[in-house]
Amino acid sequence: MKNKGILPNCVTYNSVIQGTCNLMQWKEATRLCNEMVAMNTLPDIVSFNILVDALCKEGLVSDAEVVVDMMIQRGEQLDMITYNSLMDGYCLRSQMDEANKVFDLMISKGISPNVRSYNILINGYCKLCIGGQLLQAVRFSDQMVERGCKPDAFTSNTIVTGLCKMGNTNLAVKLLKKMEQRGVKPGLFTYNPITDSLGKDKLITDAFNLLS
Numbered sequence: 119m120k121n122k123g124i125l126p127n128c129v130t131y132n133s134v135i136q137g138t139c140n141l142m143q144w145k146e147a148t149r150l151c152n153e154m155v156a157m158n159t160l161p162d163i164v165s166f167n168i169l170v171d172a173l174c175k176e177g178l179v180s181d182a183e184v185v186v187d188m189m190i191q192r193g194e195q196l197d198m199i200t201y202n203s204l205m206d207g208y209c210l211r212s213q214m215d216e217a218n219k220v221f222d223l224m225i226s227k228g229i230s231p232n233v234r235s236y237n238i239l240i241n242g243y244c245k246l247c248i249g250g251q252l253l254q255a256v257r258f259s260d261q262m263v264e265r266g267c268k269p270d271a272f273t274s275n276t277i278v279t280g281l282c283k284m285g286n287t288n289l290a291v292k293l294l295k296k297m298e299q300r301g302v303k304p305g306l307f308t309y310n311p312i313t314d315s316l317g318k319d320k321l322i323t324d325a326f327n328l329l330s
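Each residue of the sequence shown is one higher than the one before, starting from 119 at the first, in the numbering used here.
Just so you know, the hints here were simulated from the structure itself, not pulled from any lab data. One or more hints might be untrue.
Unchecked claim - The list that follows gives simulated cross-link-like pairs (lysine-lysine, DSBU-like), each with its CA atoms no further than 30 Å apart:
{"hint": "1", "residue 1": "Lys227", "residue 2": "Lys175"}
{"hint": "2", "residue 1": "Lys245", "residue 2": "Lys295"}
{"hint": "3", "residue 1": "Lys219", "residue 2": "Lys296"}
{"hint": "4", "residue 1": "Lys268", "residue 2": "Lys303"}
Stated by the list, open to error - Label pairs and their computed distance ranges (CB to CB):
{"hint": "5", "residue 1": "Lys175", "residue 2": "Leu253", "range": "38 to 48 Å"}
{"hint": "6", "residue 1": "Asp197", "residue 2": "Val263", "range": "18 to 28 Å"}
{"hint": "7", "residue 1": "Glu183", "residue 2": "Ala156", "range": "35 to 45 Å"}
{"hint": "8", "residue 1": "Val184", "residue 2": "Lys296", "range": "38 to 48 Å"}
{"hint": "9", "residue 1": "Gly305", "residue 2": "Asp162", "range": "36 to 46 Å"}
{"hint": "10", "residue 1": "Gly137", "residue 2": "Glu298", "range": "41 to 51 Å"}
{"hint": "11", "residue 1": "Glu298", "residue 2": "Asp187", "range": "13 to 23 Å"}
{"hint": "12", "residue 1": "Asp162", "residue 2": "Gly285", "range": "46 to 56 Å"}
{"hint": "13", "residue 1": "Pro304", "residue 2": "Arg234", "range": "17 to 27 Å"}
{"hint": "14", "residue 1": "Leu253", "residue 2": "Pro304", "range": "13 to 23 Å"}
{"hint": "15", "residue 1": "Lys175", "residue 2": "Val233", "range": "14 to 24 Å"}
{"hint": "16", "residue 1": "Leu253", "residue 2": "Val184", "range": "29 to 39 Å"}
{"hint": "17", "residue 1": "Leu160", "residue 2": "Arg300", "range": "36 to 46 Å"}
Just so it is clear, CB atoms sit at the ideal spot from N, CA and C, and this is done for glycine as well.
Hey, can you work out the whole structure from these sequences and the hints?
As structure tokens, this is what we get:
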């Protein structure tokens, strides 16, 4: 392309950066960002977010933070995608305190969390499978509603599964009913862990009542 005198633009670079990230070639992706600058093709928010998200998904949060610092130095405003990616990265490493700091920072910057923001934190707490952390996940689901963000099937599936793994089937059933009242239609993956737990506890009648 360059050999033919056609200079790549930001969209072209973003596509290639996405491809290198898909192949987990982080150094090459970073090199491409630097090349963009050298070619006077300034990276945009999409360029940075592609790299931040990919690094966080691989648990390379420290590297993602370097990219975020670069964004800030260049005067780029972090958006919801940036914050969600960072939270996801911290949750994958079970660093819930850091994930919460990012969540609070996002709100302080005037960005309202979306359902994905909440689901990232809820999933992070539930994966720890610790009683207190699961209750924090339940509190976040309540906070969603208070802030006008409707939970979805993933929200209920995640918390219900976590509660059932901890043997707290009663709270899981209560949460299921609460979600239904909020207009969240439960799916098969929501019912399965509850019926499984009820079956293990030999509460077959309760399991049948849930299915009816």
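For each hint, the structure was consulted:
no.	hint	result
1	Lys227 - Lys175	holds, 24 Å
2	Lys245 - Lys295	holds, 22 Å
3	Lys219 - Lys296	holds, 28 Å
4	Lys268 - Lys303	holds, 12 Å
5	Lys175 - Leu253: 38 to 48 Å	violated, 27 Å
6	Asp197 - Val263: 18 to 28 Å	holds, 24 Å
7	Glu183 - Ala156: 35 to 45 Å	violated, 23 Å
8	Val184 - Lys296: 38 to 48 Å	holds, 42 Å
9	Gly305 - Asp162: 36 to 46 Å	holds, 37 Å
10	Gly137 - Glu298: 41 to 51 Å	holds, 43 Å
11	Glu298 - Asp187: 13 to 23 Å	violated, 44 Å
12	Asp162 - Gly285: 46 to 56 Å	holds, 49 Å
13	Pro304 - Arg234: 17 to 27 Å	holds, 19 Å
14	Leu253 - Pro304: 13 to 23 Å	holds, 20 Å
15	Lys175 - Val233: 14 to 24 Å	holds, 19 Å
16	Leu253 - Val184: 29 to 39 Å	holds, 35 Å
17	Leu160 - Arg300: 36 to 46 Å	holds, 44 Å
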